[in-house]
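The listed protein sequences correspond, in order, to chains V and D.
Sequential numbering of the first sequence, starting at 1, is according to the numbering used here.
Sequential numbering of the second sequence, starting at 1, is according to the numbering used here.
If you are wondering where the hints come from, they were derived from the structure by calculation, not from laboratory data.
The model shown is predicted, which means the values in this text are computed figures rather than measured ones.
A couple of the hints might just be wrong.
Stated by the list, open to error - Derived, one-sided and incomplete: chain V residues facing chain D with beta-carbon distance under 8 Å: (1) Gln19; (2) Tyr243; (3) Ile257; (4) Glu260.
Said to hold, decoys possible - No more than 25 Å apart at the CA atoms, straight line, and that leaves these computed lysine to aspartate or glutamate pairs for DMTMM-like: (5) V:Lys21 - D:Glu293; (6) D:Lys203 - V:Glu194; (7) V:Lys93 - D:Glu230; (8) V:Lys21 - D:Glu311; (9) V:Lys189 - D:Asp56; (10) V:Lys135 - D:Glu131; (11) D:Lys203 - V:Glu181.
Ideal Cβ placement from N, Cα and C applies to all residues, glycine included.
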Amino acid sequence: MYSDLINQFRRIRERATPQVKRPFYIGLGVGFALAVLVALGLANTETFFAMPSSFDGKATSDVVWGLKPSNLLMVLPLGAFLVVLARSFVGLKAFGLFTPMLIALAFLQIGPIMGPVVLGSSVLAGMLMTPHLLKLRMTRVGFLGVLIASIVLVLVALQMILDTELQVDAFPVIVCALVVERWWRQWEKDGAKEAAMQAFNTFMISLVIQFVMVSHIALMLIEWSPLLMPAFTAVAIAILGRYRGLRLTEIKRFAPIWLERRRAARELDEQLPDGIDEDRRVGAPDTRKSQTDDEMPEPSLGLPDHIPIDALERGPPHERDLAGIAPGSDTIQPNSGSQFAARFGASSKPPTNKTWVIGSAEDV
Amino acid sequence: MFEALTKFWRSDDVKPVQHGFEDLPLVPIEEILGINMRNALIAKYNPRIAIERARDKVAAKVALEAQGIACTGTVAVIDDHQKLNAFKPTRDMPDSWAIKPARGSQGDGILLAVRREGDVWYKGSGTPLTETDVMHHIQKVVDGGFSGDTASEDAALIEPLIIADPSLADLVPEGLPDLRVICLHDEPLMAMLRLPTNASDGKANLHQRAIGAGVDLVTGRITRALVRGESITHHPDTGTKLIGYQVPGWDRVLELASKCGPAIGLGYSGSDIVLDKNDGPLIIEVNAHPGIEIQNICQLGLKAQMAAVGEDFK
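The following block holds chain V by itself, in its conformation from the complex (with noise of 0.2 Å):
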């Protein structure tokens, strides 16, 4: 039953070009690669659900991935190489640059549950407040900072609800802030889903940095020597850094123009009388002429079928002819002036609230 499937992938295989099959490739392992190392960290885990208070007085790292606090620093440069990979192999759109690595380093020292708890948690309220800031018309900075206060409040808020030892200290607040800034900013310009399509992104992007970090690859390497994980990564990316192919998530926006080529390739074949592959006419003028041509055309006799009259005898056009519509058809009427005639609601969006933009005398 899959051997369809099968004959399928492998017809595809078959027609794609080189510059198509490369970035799959690489997609693929790097792909392969990033499962088996999120694995290799899901495997690491000690624990999902506990909370920090039953570590007695261990770091939570330490606890549930063996990772000691003086080595956090030492998975940075992972997470980093870890970016480069999504953004510039795969394509993945994510809220700013390194954005994902610094979420994923408060994600080891938060918990595996409680750092995307934490996360949502804070997202979700500067989300909920963002509206209503945005009414108060401060200035970028302002709003960023109440942004900011409103965010501690939550972490400190469910520091004392969940537990008095979670190290919500170590989130990056400000990047949150951002993050739900640039969230808006989206959402104001390419609409909800996208915007919804990033923050997932970027979510996503965190969690496998987060397990690839505590993988026993990388700890064995950090543990071997400190020096050992920063120079590995360094020479990776300078490697890495210089791909100029295309990206995984490019194949599948500019896939149409291979496929319209193809498909308008074989409709051309399609027309080929039977036993001939290529057209190898193509480009030369056509030569053959059948006999019948070269012959002079007879003579007519006797009177012309057509009468040429003057053109004033004849009479008025018919007023369709003049607009040149079919008849029936209610298309509208093209009107280079009504670009400066008053419209009322003609987009007919829901008014939204755009931040910087003046919807109506009362915003001003």
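Assemble the complex: chain V is given as a structure, and chain D must be docked to it using the hints.
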């Protein structure tokens, strides 16, 4: 009888005779320009200072007009509070105008007025704009409210409103269609026409469901049109036929576009051109980081186009 068995190694011996008329082996050229390669091109050809100049609309305009390139007109440039205080819209502004932040991006902070009645202007949507509204908007622009994350101050550029060429204006229900021409040095590589729709709210932005129409570089005719990846032949709102539409003054458009990059100092540039009713093609903006979506719209690879004009990709 063993011929079939020995064919495997014998076939290597028999080499076809080369007589010079064979087709060259077809090397599939990598035709699509990805964002990684685009960034590399920008790093190679667009110097930092030229990018800064392109980003600042006022500086770009100065550089373009110094080379005698036709730009959109200028009513006033307000770049500090002293000039702002001296400015009086009812006295200094024409009947229809556009206020743009000099360092704005993606159309943020652009305010358009299409007509004036007494001391009140009206936006395209019919919303009235009093003198205080206009002054407040200019102040917000000057304070850097639309100029991205880093800018603290900005200049407000006030221009007379462009009235689109009638044949182009007939294609769209509202808004100003504009042309985007991608150039490498002074070679135009690819061109598209961006047509606003009702769904795009009069904006010629492809993300907001405006139509992207691929324009043939040689003839200046629209070859294909797309809305959000869907191929169309007629404008969905006006019903006018797009395929085959001849852009008026096409040679002039190409000539303008090819001069823009060098005038600003950009090797790889995307010029935004409008067709004015009276003045013909005018430059509105030159982009130092032109997008690559144009490839999907023209069904052509930018990389192949560049290879054709002699760019060497290593």
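Hint check results:
no.	hint	in the structure
1	Gln19	holds, 4 Å
2	Tyr243	holds, 6 Å
3	Ile257	holds, 6 Å
4	Glu260	holds, 6 Å
5	V:Lys21 - D:Glu293	holds, 21 Å
6	D:Lys203 - V:Glu194	holds, 19 Å
7	V:Lys93 - D:Glu230	holds, 23 Å
8	V:Lys21 - D:Glu311	holds, 23 Å
9	V:Lys189 - D:Asp56	holds, 21 Å
10	V:Lys135 - D:Glu131	holds, 23 Å
11	D:Lys203 - V:Glu181	holds, 24 Å
The earlier numbered hints are all upheld by this structure, with none contradicted.
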